[in-house]
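K.L.:
Throw the hints in and build the complete structure from the sequences for me.
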Amino acid sequence: MKFGILVNEGPFQHQASDSAYLFAKAALEKGHEIYRVFFYYDGVNNANKLSEPQADDRDLVKLWSALAEEYKVDLVVCVAAALRRGIKDDILAPGFRISGLGQLIESGIQADRQITFGD
Amino acid sequence: MKFGILVNEGPFQHQASDSAYLFAKAALEKGHEIYRVFFYYDGVNNANKLSEPQADDRDLVKLWSALAEEYKVDLVVCVAAALRRGIKDDILAPGFRISGLGQLIESGIQADRQITFGD
Amino acid sequence: MEEEWDEGGPEVVKRFMYVNRKAPYGTVYALEMLEKVLIAAAFEQDVHVVFMDDGVYQLKKEQETKAINMKNFSPTFRALEGYDVEKLYVEKESLEARGLTVDDLVVPVEVLSSEELKGLMDKQEVILTA
Amino acid sequence: MEEEWDEGGPEVVKRFMYVNRKAPYGTVYALEMLEKVLIAAAFEQDVHVVFMDDGVYQLKKEQETKAINMKNFSPTFRALEGYDVEKLYVEKESLEARGLTVDDLVVPVEVLSSEELKGLMDKQEVILTA
Amino acid sequence: MLLHTVNKSPFERNSLESCLRVAEDGAGVLLIEDGVYAAMDNTQVSDLIKKRMGNVKFYVLGPDVDARGLGNQSMIDGVESVDYAGFVDLVEKHSATQAWV
Amino acid sequence: MLLHTVNKSPFERNSLESCLRVAEDGAGVLLIEDGVYAAMDNTQVSDLIKKRMGNVKFYVLGPDVDARGLGNQSMIDGVESVDYAGFVDLVEKHSATQAWV
Numbered sequence: 001m002k003f004g005i006l007v008n009e010g011p012f013q014h015q016a017s018d019s020a021y022l023f024a025k026a027a028l029e030k031g032h033e034i035y036r037v038f039f040y041y042d043g044v045n046n047a048n049k050l051s052e053p054q055a056d057d058r059d060l061v062k063l064w065s066a067l068a069e070e071y072k073v074d075l076v077v078c079v080a081a082a083l084r085r086g087i088k089d090d091i092l093a094p095g096f097r098i099s100g101l102g103q104l105i106e107s108g109i110q111a112d113r114q115i116t117f118g119d
Numbered sequence: 120m121k122f123g124i125l126v127n128e129g130p131f132q133h134q135a136s137d138s139a140y141l142f143a144k145a146a147l148e149k150g151h152e153i154y155r156v157f158f159y160y161d162g163v164n165n166a167n168k169l170s171e172p173q174a175d176d177r178d179l180v181k182l183w184s185a186l187a188e189e190y191k192v193d194l195v196v197c198v199a200a201a202l203r204r205g206i207k208d209d210i211l212a213p214g215f216r217i218s219g220l221g222q223l224i225e226s227g228i229q230a231d232r233q234i235t236f237g238d
Numbered sequence: 239m240e241e242e243w244d245e246g247g248p249e250v251v252k253r254f255m256y257v258n259r260k261a262p263y264g265t266v267y268a269l270e271m272l273e274k275v276l277i278a279a280a281f282e283q284d285v286h287v288v289f290m291d292d293g294v295y296q297l298k299k300e301q302e303t304k305a306i307n308m309k310n311f312s313p314t315f316r317a318l319e320g321y322d323v324e325k326l327y328v329e330k331e332s333l334e335a336r337g338l339t340v341d342d343l344v345v346p347v348e349v350l351s352s353e354e355l356k357g358l359m360d361k362q363e364v365i366l367t368a
Numbered sequence: 369m370e371e372e373w374d375e376g377g378p379e380v381v382k383r384f385m386y387v388n389r390k391a392p393y394g395t396v397y398a399l400e401m402l403e404k405v406l407i408a409a410a411f412e413q414d415v416h417v418v419f420m421d422d423g424v425y426q427l428k429k430e431q432e433t434k435a436i437n438m439k440n441f442s443p444t445f446r447a448l449e450g451y452d453v454e455k456l457y458v459e460k461e462s463l464e465a466r467g468l469t470v471d472d473l474v475v476p477v478e479v480l481s482s483e484e485l486k487g488l489m490d491k492q493e494v495i496l497t498a
Numbered sequence: 499m500l501l502h503t504v505n506k507s508p509f510e511r512n513s514l515e516s517c518l519r520v521a522e523d524g525a526g527v528l529l530i531e532d533g534v535y536a537a538m539d540n541t542q543v544s545d546l547i548k549k550r551m552g553n554v555k556f557y558v559l560g561p562d563v564d565a566r567g568l569g570n571q572s573m574i575d576g577v578e579s580v581d582y583a584g585f586v587d588l589v590e591k592h593s594a595t596q597a598w599v
Numbered sequence: 600m601l602l603h604t605v606n607k608s609p610f611e612r613n614s615l616e617s618c619l620r621v622a623e624d625g626a627g628v629l630l631i632e633d634g635v636y637a638a639m640d641n642t643q644v645s646d647l648i649k650k651r652m653g654n655v656k657f658y659v660l661g662p663d664v665d666a667r668g669l670g671n672q673s674m675i676d677g678v679e680s681v682d683y684a685g686f687v688d689l690v691e692k693h694s695a696t697q698a699w700v
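Chains as they are written, first to last, in my numbering: chain H, 1 to 119; chain G, 120 to 238; chain R, 239 to 368; chain F, 369 to 498; chain A, 499 to 599; chain W, 600 to 700.
Hints in this document: simulated from the structure, not taken from any laboratory.
Don't take each hint at face value.
[Unchecked claim] Distance condition first, Cα-Cα at most 25 Å in a straight line; then the derived PhoX-like pairs of lysine-lysine:
| no. | chain 1 | residue 1 | chain 2 | residue 2 |
| --- | --- | --- | --- | --- |
| 1 | G | K181 | R | K304 |
| 2 | W | K692 | H | K2 |
| 3 | A | K591 | F | K491 |
| 4 | G | K181 | G | K191 |
| 5 | W | K692 | H | K30 |
| 6 | H | K72 | H | K30 |
[As the list claims (entries may be wrong)] Stretch-level coverage of chain G by chain H, calculated; a stretch enters the list once three of its residues show a Cβ under 8 Å from a Cβ in chain H:
| no. | segment |
| --- | --- |
| 7 | 167-175 |
| 8 | 203-214 |
[As the list claims (entries may be wrong)] On the chain R side, residues computed to face chain W include the following (Cβ under 10 Å):
| no. | residue |
| --- | --- |
| 9 | D292 |
| 10 | E300 |
| 11 | F311 |
| 12 | E329 |
| 13 | S332 |
| 14 | E353 |
| 15 | D360 |
Ideal placement from N, C-alpha and C gives every residue a C-beta, glycine not left out.
P.N.:
Here it is, written out as structure tokens:
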């Protein structure tokens, strides 16, 4: 089955992004496909490669990048939300790309199930 | 009177930073002193100079920088919170400086009133 | 956006529901949700917009945001019709709990009881909340 | 941090109160609040830490965070004593509403009714919440 | 006496309720941001404030009321509207401020 | 039939209450993150779930329960615990998912 995932919050402040990551990983490990993970609102902060969590804590930005590499997951950051929040190509972590909100709607259309993680 | 201000949320997602800015401005216009504005949690995102809001919307990062310049307000971004969230010197807006959490406690000690704006 | 049309293709039409449960201005969710509604309309999807809980406050008339320095986005609701977004629903219970009536709202809406809303939600294929 | 000691000076002692009202892990507030408590202690301030509403859940024993991939910070509460942070208060009403007793908590605390908490809060000079 | 600020909708969260549980007689409560909805009369939650009216002093931030289109709605009797300058005065005249964020 | 996910504490917010107001008989409700507190028995809000038990199917995300130290607390009878793989299965077997964020 093809899943589409929407992430509305950044790493740290809320658990939303952690939950989304663990859901995506579990789906992939079960042999499902993730059609796309779309990052909206503060969710765009998941793509900030300057992020440096404490050594004994998880590093969500790196975890998303690794997931993208291992499973070829399409990680899309909303361009409008990203501009406002200062997430630009210069600081974009590997595996993420910046694109329009239409990519979220397309995910809703193409995926068999679309699920939201937010505040 | 000397006020200390703590900002716990970034621009956009919550109104907290808007309210804090308008409070600070009103206090300064009444002749009070702002001892320090301390940015903690996602509040550190107020210091991201890459932020580009829509043309017809307010630009909080620039507003804070302008306030710092006009009234010599000390804008301090928490180093630990900023590291996690990828707010580094390279992308720090004018008027902000990165320092330790001790600066918040010092603000609580030195200011006559300490007030929090958050989620 | 043209390449998106090519990829996604507007020929598939799904029932999209947007559920608005947050008050305006205190958080950004209301504003950015509107952007998502407009895009879905541009993709010619079957768009349903529900306002319940504090989301009904998004539609309150006479919003004046000048003194809080924020952009007043309530006129956008009046523009929805021009994008063929006409299925706007307000939950009766939420409206009543807040002492409001449809006369307090900036756009015409269909008022549904929670009981009626149940059936409508259950038919949706994509539900986006914030 | 040495330059901060020089500027601020630990010779002024104020009553600081930290009010914890959020559950752990769902949001980061609990974790980063602990950092603020430790720093205030390092500045030798008179630190009071209150747990009320869902904040009492921060102290729940037996937290096992491995499966959600997050750092278990509950051991830090046991370290507070070593930093001379000993004034920990839990609101009785919040504890009871959640079906918990002091035996469920990782550290010894003083249980106060909301009525008793009122008086304590009113004496504080700096109150930090999140 | 403390000043309490409440910025959350009383319909969505328990902040105002918790605030009033520990607010002493004589304290001030300032409603800001989405907290201002609590000041409106004839809602399901109006009683939260009415029950403490007289022993707690209630204020509401006018700019946040206007932003939400509530400028012409009837407010609970006895709630005083202030602007940002008035907000500053309130923080100054109370011994400390507790934000129910 | 829909799957509803609720990630907010029932003590702090109205999300679960609103969810249950519009959840059809036969729907699934999965409690995740701070939403898991609603699944605990003997609390002031346990009745929210007990009242719909039998016509709505309740699930709770085990990893979130354990993280919060609730692994040995008594859960409301009839709430089923799932792991992340079970979460994926639930999304798959319901027609669509509504997140009460």
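K.L.:
Each hint needs a verdict: does it hold in this structure or not?
P.N.:
Outcome of the hint check:
A C-alpha spacing of about 18 Å is found between G:K181 and R:K304, which places the hinted pair at or below 25 Å, so the restraint holds. About 13 Å separates the Cα atoms of W:K692 and H:K2, which keeps this hinted pair within 25 Å; it holds. Straight-line distance between C-alpha atoms of A:K591 and F:K491 comes to about 15 Å, which keeps the hinted pair within the 25 Å bound. Taking the CA atoms of G:K181 and G:K191, the gap is about 15 Å. The hint holds against a cut of 25 Å.
For the given pair, W:K692 sits about 14 Å from H:K30 by alpha-carbon distance, which is consistent with the 25 Å threshold. The straight-line distance between the Cα atoms of H:K72 and H:K30 is roughly 15 Å, inside the 25 Å bound, and the hint therefore holds. Counting residues of the segment 167-175 of chain G whose C-beta sits closer than 8 Å to any C-beta of chain H gives 7, which meets the bar of three, so the coverage hint holds. Interface restraint, the segment 203-214 of chain G with chain H: holds (7 residues with C-beta to C-beta distance below 8 Å; minimum three).
Residue-level restraint check for R:D292 holds (minimum Cβ-Cβ distance to chain W is 9 Å; threshold 10 Å). A cut of 10 Å between beta carbons decides the hint on R:E300: the least distance to chain W is about 26 Å, and the hint is violated. Of the supplied interface hints, the one on R:F311 is violated, with its beta-carbon coming no nearer than about 20 Å to a beta-carbon of chain W, more than 10 Å. Annotation: R:E329 was flagged as interfacial toward chain W, and the flag holds, the nearest CB pair being 8 Å apart, inside 10 Å.
Using the Cβ-Cβ criterion of 10 Å, the hint placing R:S332 at the interface with chain W is satisfied: the shortest such distance is roughly 8 Å. Among the interface hints, the one on R:E353 holds; its C-beta lies about 9 Å from the nearest C-beta in chain W, closer than the 10 Å criterion. For R:D360, the interface hint holds, since its Cβ comes within 10 Å of a Cβ in chain W; the closest pair sits about 5 Å apart.
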